[in-house]
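Top line first, the protein sequences correspond to chains A and B. Positions -6 to 180 (the numbering used here) are the ones given, in order, by the first sequence. Positions 19 to 560 (the numbering used here) are the ones given, in order, by the second sequence.
Keep in mind that the hints are not guaranteed to be accurate.
Unchecked claim - Restricting the straight-line Cα-Cα distance to at most 27 Å, the calculated cross-link-like pairs of lysine-lysine (DSS-like) are:
no., chain 1, residue 1, chain 2, residue 2
1, A, K67, B, K160
2, A, K67, B, K394
3, A, K67, B, K455
4, B, K157, B, K71
5, B, K455, B, K428
Worth flagging that the hints you see were computed from the coordinates, not collected in a lab.
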Amino acid sequence: MSWQAVDRTRVPEEQLGPGLSEAVKEKIRAFFSRYPTKQAAVLPALHIAQDALGYVSLRAMKELAELLEIPPSKVMDVVTFYTHFWTHPKGRKTLLLCRSISCELLGAGKLKDAIRQRLGIGEHETTPDGEYSFMTEECLAACDHAPCLMVNEKMHKCVRPEDLERILADADNDRLDIPRSDLFDAP
Amino acid sequence: MPTITIDGKKVDCREGVPVLQAALEAGLEVPHYCYHPGLSIVASCRLCLMEMKMPNPQTKELEWAPRLFPSCQTPVRDGMEVRFESPAVQGNQQHVMEYYLVNHPLDCPVCDKAGECYLQDYSERFGHASSRMVEDKHKNPKKNIGSDTLLYQDRCVLCTRCVRFCDEIAGAGELRVVDRGNRCEIDVFPGVPLDNPLQGNVVDLCPVGALLDKGFLFRQRVWMLRHTPSVSPADSSGATIWIDHNDEGVHRCRPRFNERVNQWWISDEQRFAWRAYVRREHERLTLPRQRRGGETETVRWEDLPAILRFRFEQAARAPSGPQAPAPGSKVAAVLSPMMSCEEAWLLGRFIRSVAPQATLVLGHVPVVGQDRTFAKGFVIRAEKCPNRRGVERAMESLGGPNLALADFLKAAGEGKFAAAYVVGGYPESWVTPDMQKPLAKVEFLVVHDLFASPLSAAATIVIPGASWMEREGTFMNCDGLVQPFERAIVPLEGVKSDGQFFHELCGEPGLFRSRRTREKMAETMPEFASVFVPRQEPEYAH
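Input sequences plus hints: build the corresponding full structure.
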């Protein structure tokens, strides 16, 4: 096994995933005027692509590269650098668990085990039914309420493993308390 | 010229170079991975850190600053004082080397790079003998990333030289660092492999065994190889190369630093040019043959000069047509741009000595597409032969009648030539039907070539030639730069190197030495009095 090489020179068509619609591309093009180069618009472009597809597929990266006039490898470089960009389908609910020191000291480890047991997935993975994804984060900026867990838009504080079921079922998970900045959606 | 003090020793250095470069040029061994003089500076490997004297903000006195500075990113300034031989610097080197080996598989016994690997060298010189790592090593995959290149990610030290090369020199940017922190890997976008025409250089650039040449994989241990300085015959740029070879033949070519032509790089065409000669080795002509009637028979090399001299003199003396042109005007020699300057000059001189009015012709010059210039000025020339300029220069100095190849073929088709000496030496097939037909009219045709061809089948005398790896001489590149190349391997059995044969043909005694021939050429062509040999890179630079 160890001497076998992964073939990166070709990729099966089905692994490329969905592409970007013309409307999404138009939205990205509208950002170009804000930056000195097209390449500089890579982050907003990736946000738009992820919002549209739920993740950034290989085909989307390729199309973005064409739009931004850079090699596709450069787009992949950026996508993989930031953990918030997903290179594979993300579930409808994303669980973000804090892994920094105060949460860790107050039981984030046990909570992590509970989540992994409940969902049956590891870090940066998605349940087969497409419902949940799980990842850890360096700090959720709520150390005074450690350990904390974020589900989509809602921050759950002082979470104990036994609270998990209640948190997953919380109807407020998708509620946005703060509306997103205008700057993001409209150029 | 700034003067700096390294480890208490005064060193004169070039203006504007980093301290690391100055130290290397002064002969110091400073470990480094990410620094390469031809690429941008990222200071990411942290191996070349040094101590530097800075003014103390309170006392304004110069003292050793408390932190270490990357010597690759610090330009030299006059009067600067730095040191590498200190506990802090050496401690850093040890720690960094230990980190590099944390996940390294230590598979040197099966690694192509072993023997010229800077992970080996620096571990031995600057690191620890043993590892304190007791945890499981992280295993990264091996990846097939391009037509000629493999990436063994587990051996990578993430110096990003290959990434910067693809961005800055080749301009295609196929290679990238993906992921972040301890999960970093070098990778291509899936389905967009490394396929720029300079990709072979990433293998030379890699200081460890991560990037490997598929053609060289598991072929040779590098300490079995001998290195011969040569000049690439693949195009007219005159890129200088090393030919790595041993008793089994040639195994690879690597770029040889040349500040005036190719810098540190060569194109893949130049790198793999030798393979064309090896691939067609079974088609090589191996013994001189002479046609008698319908049959051919082998001729001894020793008899050839006399035969040729007699036949050419005969053709030169023969009455040639109603207007009775000058003696020898029915004799011609086609000089190939694959010949070295010395060979072209010797052959021209021989032909002129037997037939003073013989016509000299510059042979077929293969041209493919257009010159291709890369971002930082590397050029792949369209002219796929090494020495058109040199042959033209030799013909010019010999004077007398010259013809272009097309005109010569036309005249030959009209039966104006009774004897011709045609030199080939191209790695690919070069004889076209419109070349073959007119030359069939030449009564006494001598073909001196590497491979059997329709032309050699029709020739009266066939002389086997030697490839550029089996010869010595000089090539004059497209800018008129005269550069010598040495013989790497012995000619195929039965073959005599072209220079030696022409030497004997001219009646010279002893062995052919290109330098001695050049001394004679310099009497009429002063540019051959000295040849250009590129500056040597510092011993510890890589």
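Verification of the supplied hints:
no. : hint             : result
1   : K67/A to K160/B  : 21 Å, holds
2   : K67/A to K394/B  : 20 Å, holds
3   : K67/A to K455/B  : 55 Å, violated
4   : K157/B to K71/B  : 42 Å, violated
5   : K455/B to K428/B : 10 Å, holds
In this structure, the earlier hints numbered 3, 4 are contradicted, and the remaining ones agree with it.
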